[in-house]
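Participant: Input sequences plus hints: build the corresponding full structure.
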Amino acid sequence: MTIGGQRASRERRIVLAAEPLAEPPTALRPWRESDLEQLVAACQDPEIVRWTRVPARYGEAEARAYLLQRYDAIAAGQAAPFAIVAADDDRRLLGSISLMRIAWEHGRAEVGYWVARPARGRGHATRAVRLICAWGFQALGLERIDLLAATGNPASQRVAERAGFSREAVLRSYMRGTYGRQDMVAFGLLVSELQPARRIQAS
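Using this note's numbering, read the sequence shown as starting at 51 and increasing by one per residue.
No wet-lab data here; the hints were simulated from the structure. Since this is a predicted model, take the numbers as computed values, not measurements. Quick reminder that beta carbons are idealized off the backbone N, C-alpha and C, glycines included. Wrong hints could be hidden among the right ones.
Stated by the list, open to error - DEER-style ranges, computed between Cβ atoms:
1) Glu211 to Gly191: 20 to 28 angstroms
2) Glu243 to Ala205: 36 to 44 angstroms
3) Ala205 to Ala125: 13 to 21 angstroms
4) Ser216 to Asp138: 27 to 35 angstroms
5) Arg103 to Ala126: 13 to 21 angstroms
6) Gly191 to Glu110: 33 to 41 angstroms
7) Glu97 to Pro75: 18 to 26 angstroms
Facilitator: Pasting the structure below:
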(Lines of atoms letter the chains of each structure in order from A and count residues from 1; the text may use other names and numbers.)
(Lines give C-alpha, C1' and ligand atoms only; values in the text may rest on other atoms or scores of the structure.)
Protein backbone atom coordinates (compact mmCIF):
# COMPACT_ATOMS: atom_id res chain seq x y z
CA MET A 1 0.00 0.00 0.00
CA THR A 2 1.38 3.40 -0.93
CA ILE A 3 0.11 6.61 0.59
CA GLY A 4 1.17 10.21 0.20
CA GLY A 5 0.05 13.50 1.65
CA GLN A 6 0.99 16.31 3.98
CA ARG A 7 0.15 16.90 7.61
CA ALA A 8 -2.48 19.61 8.10
CA SER A 9 -1.03 22.99 9.01
CA ARG A 10 -2.00 25.09 12.00
CA GLU A 11 -4.48 26.86 9.73
CA ARG A 12 -6.09 23.43 9.32
CA ARG A 13 -5.76 23.42 5.58
CA ILE A 14 -6.51 20.16 3.81
CA VAL A 15 -4.04 19.17 1.12
CA LEU A 16 -5.13 16.04 -0.72
CA ALA A 17 -2.43 13.58 -1.70
CA ALA A 18 -0.77 14.51 -4.99
CA GLU A 19 -0.44 10.84 -5.97
CA PRO A 20 -3.27 8.31 -5.69
CA LEU A 21 -3.56 6.44 -2.40
CA ALA A 22 -3.32 2.82 -3.47
CA GLU A 23 -3.98 -0.65 -2.15
CA PRO A 24 -4.39 -2.54 -5.44
CA PRO A 25 -6.78 -3.12 -7.03
CA THR A 26 -8.27 -0.06 -5.27
CA ALA A 27 -7.05 3.54 -5.28
CA LEU A 28 -8.25 6.96 -4.12
CA ARG A 29 -7.64 10.27 -5.88
CA PRO A 30 -9.15 13.77 -5.93
CA TRP A 31 -12.31 14.25 -7.97
CA ARG A 32 -12.07 15.48 -11.57
CA GLU A 33 -14.60 17.15 -13.82
CA SER A 34 -14.10 14.23 -16.20
CA ASP A 35 -15.78 12.00 -13.57
CA LEU A 36 -19.17 13.65 -14.15
CA GLU A 37 -20.60 11.13 -16.62
CA GLN A 38 -19.64 8.10 -14.52
CA LEU A 39 -20.83 9.85 -11.35
CA VAL A 40 -24.28 10.44 -12.82
CA ALA A 41 -24.49 6.83 -14.04
CA ALA A 42 -23.50 5.40 -10.64
CA CYS A 43 -26.05 7.50 -8.77
CA GLN A 44 -28.98 6.05 -10.72
CA ASP A 45 -28.66 3.00 -8.45
CA PRO A 46 -31.59 2.85 -5.98
CA GLU A 47 -29.34 1.25 -3.33
CA ILE A 48 -27.12 4.33 -3.27
CA VAL A 49 -30.21 6.52 -2.97
CA ARG A 50 -31.54 4.29 -0.17
CA TRP A 51 -28.48 4.38 2.07
CA THR A 52 -27.00 7.81 1.35
CA ARG A 53 -28.21 11.37 0.86
CA VAL A 54 -27.98 11.13 -2.92
CA PRO A 55 -31.33 12.39 -4.28
CA ALA A 56 -33.61 10.06 -6.23
CA ARG A 57 -33.39 12.32 -9.28
CA TYR A 58 -29.73 12.74 -10.08
CA GLY A 59 -28.47 14.32 -13.28
CA GLU A 60 -25.54 16.37 -14.52
CA ALA A 61 -26.62 19.46 -12.55
CA GLU A 62 -26.65 17.49 -9.30
CA ALA A 63 -23.29 15.92 -10.11
CA ARG A 64 -21.71 19.30 -10.84
CA ALA A 65 -23.13 20.70 -7.60
CA TYR A 66 -21.73 17.69 -5.74
CA LEU A 67 -18.22 18.28 -7.10
CA LEU A 68 -18.39 22.01 -6.35
CA GLN A 69 -19.48 21.24 -2.80
CA ARG A 70 -16.50 18.87 -2.44
CA TYR A 71 -14.08 21.57 -3.62
CA ASP A 72 -15.64 24.11 -1.23
CA ALA A 73 -15.43 21.66 1.69
CA ILE A 74 -11.72 21.13 1.05
CA ALA A 75 -11.08 24.88 0.92
CA ALA A 76 -13.02 25.38 4.17
CA GLY A 77 -11.14 22.59 5.94
CA GLN A 78 -14.38 20.69 6.52
CA ALA A 79 -13.89 17.51 4.51
CA ALA A 80 -11.43 15.43 2.51
CA PRO A 81 -13.30 13.82 -0.41
CA PHE A 82 -11.83 11.27 -2.80
CA ALA A 83 -13.01 9.33 -5.81
CA ILE A 84 -12.59 5.56 -5.47
CA VAL A 85 -10.99 4.35 -8.69
CA ALA A 86 -9.30 1.29 -10.17
CA ALA A 87 -5.61 1.19 -9.24
CA ASP A 88 -4.68 0.14 -12.78
CA ASP A 89 -6.84 2.80 -14.47
CA ASP A 90 -7.66 5.88 -12.40
CA ARG A 91 -10.16 7.02 -15.04
CA ARG A 92 -12.50 4.20 -14.01
CA LEU A 93 -14.76 5.42 -11.20
CA LEU A 94 -15.71 2.81 -8.60
CA GLY A 95 -17.24 4.99 -5.90
CA SER A 96 -16.93 7.91 -3.51
CA ILE A 97 -15.40 8.27 -0.04
CA SER A 98 -14.87 11.24 2.28
CA LEU A 99 -13.58 12.17 5.67
CA MET A 100 -16.27 14.64 6.72
CA ARG A 101 -17.60 16.49 9.75
CA ILE A 102 -14.01 17.10 10.75
CA ALA A 103 -13.80 18.35 14.34
CA TRP A 104 -10.25 19.67 14.44
CA GLU A 105 -10.39 20.61 18.11
CA HIS A 106 -11.18 16.99 18.99
CA GLY A 107 -9.03 15.30 16.33
CA ARG A 108 -12.09 13.51 15.03
CA ALA A 109 -13.86 12.93 11.69
CA GLU A 110 -16.47 10.66 10.13
CA VAL A 111 -15.95 8.49 7.07
CA GLY A 112 -18.75 8.09 4.53
CA TYR A 113 -18.70 6.22 1.23
CA TRP A 114 -20.60 4.46 -1.51
CA VAL A 115 -19.49 1.97 -4.17
CA ALA A 116 -21.01 1.71 -7.64
CA ARG A 117 -23.04 -1.44 -8.25
CA PRO A 118 -20.63 -3.10 -10.76
CA ALA A 119 -17.74 -2.74 -8.28
CA ARG A 120 -19.47 -4.23 -5.23
CA GLY A 121 -18.49 -7.50 -3.61
CA ARG A 122 -14.81 -7.14 -4.53
CA GLY A 123 -13.42 -5.54 -1.39
CA HIS A 124 -13.15 -2.03 -2.81
CA ALA A 125 -15.13 -0.44 0.04
CA THR A 126 -13.01 -2.08 2.75
CA ARG A 127 -9.74 -1.11 1.06
CA ALA A 128 -10.98 2.44 0.45
CA VAL A 129 -11.94 2.85 4.12
CA ARG A 130 -8.56 1.54 5.26
CA LEU A 131 -6.75 3.86 2.86
CA ILE A 132 -8.58 7.03 3.82
CA CYS A 133 -8.34 6.28 7.54
CA ALA A 134 -4.59 5.66 7.40
CA TRP A 135 -4.18 8.89 5.42
CA GLY A 136 -6.42 10.85 7.80
CA PHE A 137 -4.52 9.73 10.88
CA GLN A 138 -1.20 10.79 9.41
CA ALA A 139 -1.90 13.64 7.01
CA LEU A 140 -4.61 15.35 9.08
CA GLY A 141 -3.41 14.32 12.53
CA LEU A 142 -6.75 12.74 13.44
CA GLU A 143 -7.03 10.55 16.53
CA ARG A 144 -10.47 9.02 16.00
CA ILE A 145 -12.64 8.26 12.97
CA ASP A 146 -16.35 7.42 13.19
CA LEU A 147 -18.36 5.33 10.75
CA LEU A 148 -22.16 5.12 10.78
CA ALA A 149 -24.01 2.29 9.02
CA ALA A 150 -27.76 1.83 8.91
CA THR A 151 -29.08 -1.12 10.92
CA GLY A 152 -30.69 -2.37 7.71
CA ASN A 153 -27.40 -2.27 5.80
CA PRO A 154 -25.38 -5.28 7.02
CA ALA A 155 -22.97 -5.02 4.07
CA SER A 156 -21.78 -1.61 5.26
CA GLN A 157 -21.47 -2.93 8.81
CA ARG A 158 -19.23 -5.74 7.55
CA VAL A 159 -17.05 -3.18 5.76
CA ALA A 160 -16.55 -1.32 9.04
CA GLU A 161 -15.61 -4.50 10.88
CA ARG A 162 -13.20 -5.69 8.17
CA ALA A 163 -11.55 -2.26 8.17
CA GLY A 164 -10.81 -2.62 11.88
CA PHE A 165 -13.60 -0.52 13.41
CA SER A 166 -15.23 -1.45 16.72
CA ARG A 167 -19.02 -1.55 17.02
CA GLU A 168 -19.93 0.87 19.81
CA ALA A 169 -23.67 1.65 19.87
CA VAL A 170 -26.98 1.78 18.04
CA LEU A 171 -28.27 5.33 17.55
CA ARG A 172 -32.05 5.24 17.29
CA SER A 173 -33.80 7.36 14.66
CA TYR A 174 -30.48 9.10 14.10
CA MET A 175 -30.64 10.16 10.45
CA ARG A 176 -33.31 11.16 7.98
CA GLY A 177 -32.88 9.17 4.78
CA THR A 178 -34.72 9.25 1.47
CA TYR A 179 -37.33 6.82 2.81
CA GLY A 180 -37.62 8.06 6.39
CA ARG A 181 -35.61 8.08 9.60
CA GLN A 182 -33.00 5.39 10.14
CA ASP A 183 -31.39 3.74 13.14
CA MET A 184 -27.60 3.76 12.76
CA VAL A 185 -24.89 1.48 14.10
CA ALA A 186 -21.98 3.58 15.36
CA PHE A 187 -18.45 2.29 14.79
CA GLY A 188 -15.17 3.87 15.86
CA LEU A 189 -11.48 3.50 14.99
CA LEU A 190 -8.67 5.02 17.07
CA VAL A 191 -5.25 5.92 15.74
CA SER A 192 -3.75 3.48 18.26
CA GLU A 193 -5.80 0.68 16.65
CA LEU A 194 -4.44 1.21 13.15
CA GLN A 195 -2.86 -2.04 12.05
CA PRO A 196 0.97 -1.75 12.04
CA ALA A 197 1.13 -2.81 8.40
CA ARG A 198 -1.01 0.17 7.50
CA ARG A 199 0.88 2.82 9.40
CA ILE A 200 2.51 5.51 7.29
CA GLN A 201 6.03 6.74 7.65
CA ALA A 202 6.00 10.47 8.36
CA SER A 203 7.44 12.48 5.50
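Participant: With reference to the structure, classify each hint as holding or not holding.
Facilitator: Consistency of the hints with the structure:
Between Glu211 and Gly191 the CB atoms are about 25 angstroms apart, so this pair conforms to the stated range of 20 to 28 angstroms. The hinted window of 36 to 44 angstroms between Glu243 and Ala205 is violated, with their beta carbons roughly 22 angstroms apart. Range check, Ala205 to Ala125: Cβ separation about 33 angstroms, and the 13 to 21 angstroms hint is violated. Hint check: Ser216 to Asp138, Cβ distance near 33 angstroms, so the stated range 27 to 35 angstroms holds.
With their beta carbons about 19 angstroms apart, Arg103 and Ala126 fall inside the hinted range of 13 to 21 angstroms. Distance hint for Gly191 and Glu110: a CB-CB separation of about 37 angstroms, consistent with the stated range 33 to 41 angstroms. Checked against the given bound of 18 to 26 angstroms, the beta carbons of Glu97 and Pro75, roughly 22 angstroms apart, stay inside it.
This entry does not satisfy hints 2, 3, going by the numbered hints stated previously.
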